[in-house]
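Kindly generate the complete structure, drawing on both the sequences and the hints.
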Amino acid sequence: MYNRCTRWYLPLVLLPFPIASPYFLWLFIFSTTLHARPCFYCIILLSALFMSSCYWQPVPLESSLAVPWSDNITTYGDALASLLPDLPDDIKPTNIPVLDRCWCDFSGAGFFDQFNVTEWERRSVLRLKDSLEVELKAREAEKPVKTEPAPEPQAESTRVEEASESSEGPSESAPGGSTVRVTGVARSKISGLWNKVSAWPFPRKSDASARDTASTPAGRFRWSRTDDYTPRVRRLTETIVSTHTQTVRPSPTSLLRKEYDLRPYGFAVVLDFGWEKSDS
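full-length UniProt numbering numbers the first residue of the sequence shown as 1 and each following residue consecutively.
Be careful, since some hints might not be right.
Result set (BS3-like, lysine-lysine): computed pairs, CA atoms no more than 25 Å apart in a straight line [unchecked claim]: (1) Lys-129 x Lys-92; (2) Lys-143 x Lys-129; (3) Lys-92 x Lys-143; (4) Lys-137 x Lys-92.
Computed beta-carbon distance windows for the label pairs [what the hints assert, rightly or not]: (5) Glu-119 x Gln-57: 16 to 22 Å; (6) Pro-144 x Gln-57: 38 to 44 Å; (7) Asp-130 x Thr-94: 14 to 20 Å; (8) Trp-26 x Asn-72: 35 to 41 Å; (9) Ala-36 x Ala-138: 51 to 57 Å; (10) Lys-137 x Ile-43: 35 to 41 Å; (11) Phe-28 x Ile-91: 41 to 47 Å; (12) Pro-93 x His-35: 44 to 50 Å; (13) Lys-137 x Arg-7: 50 to 56 Å.
FYI, nobody ran anything at the bench for these hints, they're computed from the structure.
All C-beta atoms in this analysis are idealised placements derived from N, C-alpha and C, irrespective of residue type, glycine included.
Next up, the structure:
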């Protein structure tokens, strides 16, 4: 009874990759069922065979495509290599898992259109490509990041010292020369300053008139008014005095005296140490 019911469905088993339209397949099954009148057990058997045909085993990469994509792409391996040319050999699979589809597929473009096997193979290869890219990214993330070793502090200090030596040049080769050069520059600046000060139009008097003015009561009274506010004049350094004596040569007088006239040196100041406070 089983053979008599199922023999009419043998042509369906002979189609491993059916590409007929769903309309033709359903029409063929319906007409065969009306003619064979299968029993309940045969209907269950045919339904199980129909459902089991939805799973497809992985296909080797060396398997040929149903329709070559180009002259150089005729197998699944060639198709994968065209999408991932830099794929390492250690993660390259030997088989490609194809997408599951039933013997009578209704997910196509239409009910009356034939099944597109080329698109089915292309989607299978693209799914494998996406999974391999995820695996490559995960492998790159697991790789340790190479960090450059930090330079040693001694090496940095050595570089700084070398740079300072090269920038200073020959000034450090002669320690005494730098001091002499700086002193000469300072002296030249000071001498130029004193020359300008001495050239100012200050009223100058002779030493005798200065002494007479200072010895008169009016002069003493004038200085007594500013006794508490008389500024203290610091003694010039030997360098400045020696520089000034070359430009301005006052009359030779003794070093220890009661009155010092600084007007020939450019200062309108007369220091009188012999002044006595008057009662007024």
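The hints, checked one at a time:
{"no.": "1", "hint": "Lys-129 x Lys-92", "verdict": "holds (10 Å)"}
{"no.": "2", "hint": "Lys-143 x Lys-129", "verdict": "holds (22 Å)"}
{"no.": "3", "hint": "Lys-92 x Lys-143", "verdict": "holds (19 Å)"}
{"no.": "4", "hint": "Lys-137 x Lys-92", "verdict": "holds (15 Å)"}
{"no.": "5", "hint": "Glu-119 x Gln-57: 16 to 22 Å", "verdict": "holds (20 Å)"}
{"no.": "6", "hint": "Pro-144 x Gln-57: 38 to 44 Å", "verdict": "holds (39 Å)"}
{"no.": "7", "hint": "Asp-130 x Thr-94: 14 to 20 Å", "verdict": "holds (18 Å)"}
{"no.": "8", "hint": "Trp-26 x Asn-72: 35 to 41 Å", "verdict": "holds (39 Å)"}
{"no.": "9", "hint": "Ala-36 x Ala-138: 51 to 57 Å", "verdict": "holds (54 Å)"}
{"no.": "10", "hint": "Lys-137 x Ile-43: 35 to 41 Å", "verdict": "violated (49 Å)"}
{"no.": "11", "hint": "Phe-28 x Ile-91: 41 to 47 Å", "verdict": "holds (44 Å)"}
{"no.": "12", "hint": "Pro-93 x His-35: 44 to 50 Å", "verdict": "holds (46 Å)"}
{"no.": "13", "hint": "Lys-137 x Arg-7: 50 to 56 Å", "verdict": "holds (54 Å)"}
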